[in-house]
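> Below, each chain spelled out in residue letters.
6 protein chains.
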Amino acid sequence: MPESVRERLIRAGSATVANMLLRRGLRNTVMAGVVPLAAGAPPMAGPARTLRFIPAREDLDTLAGYASSENLHRRAIEECPPGAVLVIDAFGSTAAASMGDMMAARLRYRGVAGVVTDGGYRDAEAIRATGLPCHHRGNAPKATPIALHPVALDEPVGCGGVAVYPGDVLLGDEDGVVVIPRELAAEVAEEAADAAAYEEFAALEIARGRSLFGLFPATPESRREYDQWVARGRPGRK
Amino acid sequence: MPESVRERLIRAGSATVANMLLRRGLRNTVMAGVVPLAAGAPPMAGPARTLRFIPAREDLDTLAGYASSENLHRRAIEECPPGAVLVIDAFGSTAAASMGDMMAARLRYRGVAGVVTDGGYRDAEAIRATGLPCHHRGNAPKATPIALHPVALDEPVGCGGVAVYPGDVLLGDEDGVVVIPRELAAEVAEEAADAAAYEEFAALEIARGRSLFGLFPATPESRREYDQWVARGRPGRK
Amino acid sequence: MPESVRERLIRAGSATVANMLLRRGLRNTVMAGVVPLAAGAPPMAGPARTLRFIPAREDLDTLAGYASSENLHRRAIEECPPGAVLVIDAFGSTAAASMGDMMAARLRYRGVAGVVTDGGYRDAEAIRATGLPCHHRGNAPKATPIALHPVALDEPVGCGGVAVYPGDVLLGDEDGVVVIPRELAAEVAEEAADAAAYEEFAALEIARGRSLFGLFPATPESRREYDQWVARGRPGRK
Amino acid sequence: MPESVRERLIRAGSATVANMLLRRGLRNTVMAGVVPLAAGAPPMAGPARTLRFIPAREDLDTLAGYASSENLHRRAIEECPPGAVLVIDAFGSTAAASMGDMMAARLRYRGVAGVVTDGGYRDAEAIRATGLPCHHRGNAPKATPIALHPVALDEPVGCGGVAVYPGDVLLGDEDGVVVIPRELAAEVAEEAADAAAYEEFAALEIARGRSLFGLFPATPESRREYDQWVARGRPGRK
Amino acid sequence: MPESVRERLIRAGSATVANMLLRRGLRNTVMAGVVPLAAGAPPMAGPARTLRFIPAREDLDTLAGYASSENLHRRAIEECPPGAVLVIDAFGSTAAASMGDMMAARLRYRGVAGVVTDGGYRDAEAIRATGLPCHHRGNAPKATPIALHPVALDEPVGCGGVAVYPGDVLLGDEDGVVVIPRELAAEVAEEAADAAAYEEFAALEIARGRSLFGLFPATPESRREYDQWVARGRPGRK
Amino acid sequence: MPESVRERLIRAGSATVANMLLRRGLRNTVMAGVVPLAAGAPPMAGPARTLRFIPAREDLDTLAGYASSENLHRRAIEECPPGAVLVIDAFGSTAAASMGDMMAARLRYRGVAGVVTDGGYRDAEAIRATGLPCHHRGNAPKATPIALHPVALDEPVGCGGVAVYPGDVLLGDEDGVVVIPRELAAEVAEEAADAAAYEEFAALEIARGRSLFGLFPATPESRREYDQWVARGRPGRK
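Sequence lines, in order, name chains A, B, C, D, E and F. Take the first sequence: its position 220, counting from 1, is numbered 220 in the working numbering, and each next residue is one higher. Take the second sequence: its position 19, counting from 1, is numbered 19 in the working numbering, and each next residue is one higher. Take the third sequence: its position 228, counting from 1, is numbered 228 in the working numbering, and each next residue is one higher. Take the fourth sequence: its position 67, counting from 1, is numbered 67 in the working numbering, and each next residue is one higher. Take the fifth sequence: its position 221, counting from 1, is numbered 221 in the working numbering, and each next residue is one higher. Take the sixth sequence: its position 163, counting from 1, is numbered 163 in the working numbering, and each next residue is one higher.
The shape of chain A in the complex, shown without the other chains (with noise of 0.2 angstroms):
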């Protein structure tokens, strides 16, 4: 992905973002219940790559075979390439860790751009202090083959409610992880940033006590007006 789309994506954040998907009839692209780990922690932004769980069986799962070379919940932290995000569909549960501080570690060394899953981590305190940018649903202290079984790398997956397809391209910031379609990264990034600069317009003018109509959203008028403002150079902009 390139660089620039990945900064216009960040700088617009996943709202603004879910705005331009939801112009083009996409109303589903937003995790639903998966939260930032840690408050304060950067965005990641990235393109996917997934790994889907099923429920474990006491047989298949067990410690000593979690161990095994094979295992694919460990081949998806050795495998994930820099700059991805790796995408755990853990079918919504939280009864197992989707991973631990050690696999945070990992893939942080490695350059990976984040972690999403809609279950959830054990060990928060030590993943945060990685400063690898995590999504999740909610603590999930228990070791995971209790509850966990990796059965595939890069299918298309669900996580949080939204269709995930290897290559999409994840945001995720404070207000939540949206799921970009590979093809319309490139154009959704320009038309956010935009939005977004607009945005900084809007907020401007509402601190000079300017009411929300007319101004946001925008109408024909504002947008001149926009126009003009960044034909000045954009004053006032922190």
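Derived from the structure by calculation, the hints contain no laboratory data. Any given hint could turn out to be false.
Below, a sample of chain F positions facing chain E; criterion: calculated Cβ distance under 7 angstroms [to be verified]:
{"hint": "1", "residue": "S69"}
{"hint": "2", "residue": "E70"}
{"hint": "3", "residue": "I77"}
{"hint": "4", "residue": "M102"}
{"hint": "5", "residue": "R122"}
{"hint": "6", "residue": "K142"}
{"hint": "7", "residue": "I146"}
{"hint": "8", "residue": "G161"}
So these bits of chain E aren't anywhere near chain F, every CB distance computed over 10 angstroms [what the hints assert, rightly or not]:
{"hint": "9", "residue": "R23"}
{"hint": "10", "residue": "E79"}
{"hint": "11", "residue": "D194"}
Now the in silico label distances, taken between C-beta atoms and shown as ranges [what the hints assert, rightly or not]:
{"hint": "12", "chain 1": "B", "residue 1": "G167", "chain 2": "E", "residue 2": "Y66", "range": "28 to 36 angstroms"}
{"hint": "13", "chain 1": "A", "residue 1": "R23", "chain 2": "E", "residue 2": "G138", "range": "21 to 29 angstroms"}
{"hint": "14", "chain 1": "B", "residue 1": "P220", "chain 2": "D", "residue 2": "D59", "range": "21 to 29 angstroms"}
{"hint": "15", "chain 1": "C", "residue 1": "Q228", "chain 2": "A", "residue 2": "G214", "range": "56 to 64 angstroms"}
{"hint": "16", "chain 1": "C", "residue 1": "D154", "chain 2": "E", "residue 2": "R224", "range": "57 to 65 angstroms"}
This one's a predicted model, so the numbers in the text were calculated from it and none came from an experiment. The beta carbon of each residue, even a glycine, is placed where N, CA and C say it ideally should be.
Position chains B, C, D, E and F relative to chain A; hints supplied.
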């Protein structure tokens, strides 16, 4: 699946079969929240064939596209072998239907043993009229493409919080749906049939006023009494 | 509402009607979690009259005050026109009853078409005995003033997550309750009746062993076959 | 409990009895989410005997240990007096069964009035066949020791969010289960029977087309009419 | 609302105020599941102005139509008086935002005391930055018209399971949001301030090692000690 | 509980301790949905003393009666030994507070190690200020007698879905609360401390870019490397 295995499983019932799996250390074999569509419907038993859904996306899941001959949802209906149980992983969502009455009628005609989903069905009334044994979580009246996208056949899936591997044997009746690992089906069927036969004996004893203590669960002494009762030709059995 | 419209809607059924609304871009027209009170009860169809509840307050909602002639709950029962469907917005709460058996008997006598709430009823047994078609979320045995306060009649409300504007047409049957915007009722009824008639044809074909592909959903060719079947007098129809 | 009290309670029904308790300031006497196992089953009324469960632990709750003669679960079945209602506090958990069909048959034989749990039962079909009145939250097919450990008999417990003190009178029917503080049972039974008798009169009036206003809830005038109707021998009563 | 009333309420805190309402028989005055948006934000107190949402409909709630000058959502923002608390009935739905950062900035500028919804907000980060006191149920990042339709201003509504009548006084702080019937606000403020003052005394006593018995809740003797402590000039008070 | 045991448990952390219990076949030792009240609060470890609540009843649980010297809720606060953890079974209910700030201050003064409930607390702000380590499910601002009745001390209870027997050792930190059967505490503490020490080594290796495979989980080879690292004086350790 041999008819003798099928017969024993059905006579034993899902609750007893689950007990046999518990003895083998498998504690999570009964689907959560999954109930029969019709009270009094015949039970189902057969090897699993799976269909996996993920959330829909408005551009990929249109009513028009749903009519395509490649559509995996309808391929599942057309390709599920006679005697098998179609297991649909709808990740617990009743936001749209996993199946409707036309599909149920087609499955019935093709000799499929039954359908299980952790989502729901539409046209419940008409589906009951087909006589096809079905289990689901609850009513799901909206058209499938509103919320569900079929992504793969014959993968390991989760359904109602239980792992289902293709070929695992499903038994569904009034008490729910239990999943039997494929390699255990024959021995579990035999053990469950024996446990169910013992329960017939125990029920007769209870009807005569006998206490549960020393009778149920069985003790070595009560097992001997049972053997004698069998030797006598199972007197009193309905 | 013309009798022809009512008849067509009932024959088509709520699931088919919901499909027609989906074609018009309306994806959220079926009430969530709302089920018939009685299995096998007759369906209901009619224009909506609404009653809105908010949470009760102990000083405003006493058993004594509940007897007042101004009480909006009982005015709703006395004023709902014959042939209309009374829609009760109980904000999903089953903490107290939206209706009891006396009210149901009175509505039945007055010729009201049915009642829908996203709360629940008390005296379920006695209500069934009146024969009044009813839908609700689940049993709510406590007296209304314990948790519910009637605040207005004939406002736009929400019920089961769907918007209901006074005059919208409600159709409720075994599959649930669908809300049809008032101005669309006649054309949707006609379209749904046609779709239901096509489904009769398709069901006969499936019973003869025909595959779903090329039959359901319909294709231009299968629609031509259907036209021929109609021309021949719909042979085989029950 | 005197037969006259039992008879009045059953005839009045749980919803009316709950109204009588509301008049005494008791607003939380009906168990939440607890429903009859069998539609159309006879009602139950009797003094409560309690059994309290806590979560199971794998080392303490084995299938083998479950067979012990000390097991409190089975002692509850063997010691609950005839005419009492066995109340099982399963802290709302349907993760395992509060009771199965063998236990139900034994309770039935022993003349226990009924069973209530805020968990669930297994072998629902077979339990219905015993004719024992039962209420529960929902199906719970797994064996008890998987998730439940019996810890005490005859303690004050919670069940379905309502306090149950040993000796409190439980009334369970189609509308749910209401808990009557033991010292109030006789007077509440009498008041409820009177309220129910008034409701018979009101139902007849409604069937003749009379409005709810001035009839239900009762007014001093309508009570006088009722007295006259009683004096005339309750004409029209079924 | 007089400044003295506001001051007392804020100092007493929502939990203490709820206790005072409980003494008056009002048991349901604290909104369920409603939490502050920002930890450490200043509290809010003021008379309620209400906005009621119902579910959206795709033909009535478009992004374009959202820009109309009649839109009740934005009228609520422009018309809520300074010092008032805007109460938004979103029927508990976080499917779309009850408010975003532009609206929050505008409300802040206009001197509104705070916002409460039983839905959620988008742009949480930016809203916190405005300093406007806000409470909500949880994050709701999707654009309002996706799921919410504003239907009326200044009606009685429900919010978080509590009735809110226009003019009722809302107090929101770290512990939640309590709703005070308008006619009770002054006397409750005074009583709560007294209770809070007593709690300061009790806290000092506990810090010196005194037992709760005979101190908290207060007894006649401990009230006399408190009076003496007040007479002595409240020594030890921070 | 010996200080050495306490120290080891705290250093290992609840997630690692839960792993040690899993090795012994105990899969359900971490309380579900129970979180620390304050981010960054110190951890707690100590033997459990229990308090069991059942639902309140308006005639038994009055504000006046709550002041009685016999009240078990306040006896729990006064009698819980220093160094113990008070475990409150509130059957998951946040309808009223399990504890408030006065009680927390008293417990802190008395040297109790911490409090855990599967209900919630009121006065969260003030409780945090006491510095007492607390865990709960969520905010519960209403006064205790509104919904909770204290029925017994020092019984076996459930809390957050886990069995707690008096004397079991509780460890609570950022990751949650784990319950250690009393007879296992010493050996589990030792094993967990060893596992935590190994994790320090593994974390250093990961920071140097080493793969998870062959490192975490441990293998016999990596354990030998660990032994050498210990022998060398644990170089690099913070």
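> At a threshold of 7 angstroms, is the proposed contact between E70/F and chain E supported by beta-carbon distances?
Violated, about 10 angstroms.
> Let me know if the C-beta of I146/F comes in closer than 7 angstroms to any C-beta of chain E, holds or violated.
Holds, because the Cβ-Cβ distance from I146/F to chain E comes to roughly 6 angstroms (cut-off 7 angstroms).
> When you take the CB atoms of G167/B and Y66/E, is the distance between them in 28 to 36 angstroms?
Once the Cβ atoms are compared, 52 angstroms apart, the range 28 to 36 angstroms for Y66/E and G167/B is violated.
> Verify the interface restraint on M102/F: the C-beta must sit less than 7 angstroms from at least one C-beta of chain E.
Holds - the Cβ of M102/F comes within 7 angstroms of chain E, reaching about 5 angstroms at its closest.
> Hint check: is the beta carbon of I77/F less than 7 angstroms from a beta carbon of chain E?
Cβ of I77/F sits 6 angstroms from chain E, so the hint holds.
> Given R122/F as an interface hint, is its Cβ closer than 7 angstroms to any Cβ of chain E?
At about 5 angstroms, which falls below the 7 angstroms cut-off, the nearest Cβ of chain E leaves the hint on R122/F intact, so it holds.
> Run the C-beta distances from E79/E to all of chain F and say if the shortest one exceeds 10 angstroms.
Check passes; 31 angstroms lies beyond 10 angstroms.
> Tell me if the beta carbons of D154/C and R224/E are separated by a distance inside 57 to 65 angstroms.
holds, 58 angstroms
> Would the stated hint for K142/F survive a check requiring a Cβ distance to chain E of less than 7 angstroms?
Hint holds; K142/F Cβ to chain E Cβ min 6 angstroms, cut 7 angstroms.
> For the range 21 to 29 angstroms, tell me whether the beta carbons of R23/A and G138/E fit it or not.
Because 25 angstroms falls inside the window, the suggested range holds.
> Would the least Cβ to Cβ distance between R23/E and chain F come out above 10 angstroms?
At roughly 7 angstroms from the nearest Cβ of chain F, R23/E sits no farther out than 10 angstroms, so the non-interface label is violated.
> Any Cβ of chain F at or closer than 10 angstroms to D194/E, or is the non-interface label fine?
holds, 16 angstroms
The earlier numbered hints that this structure contradicts are 2, 8, 9, 12.
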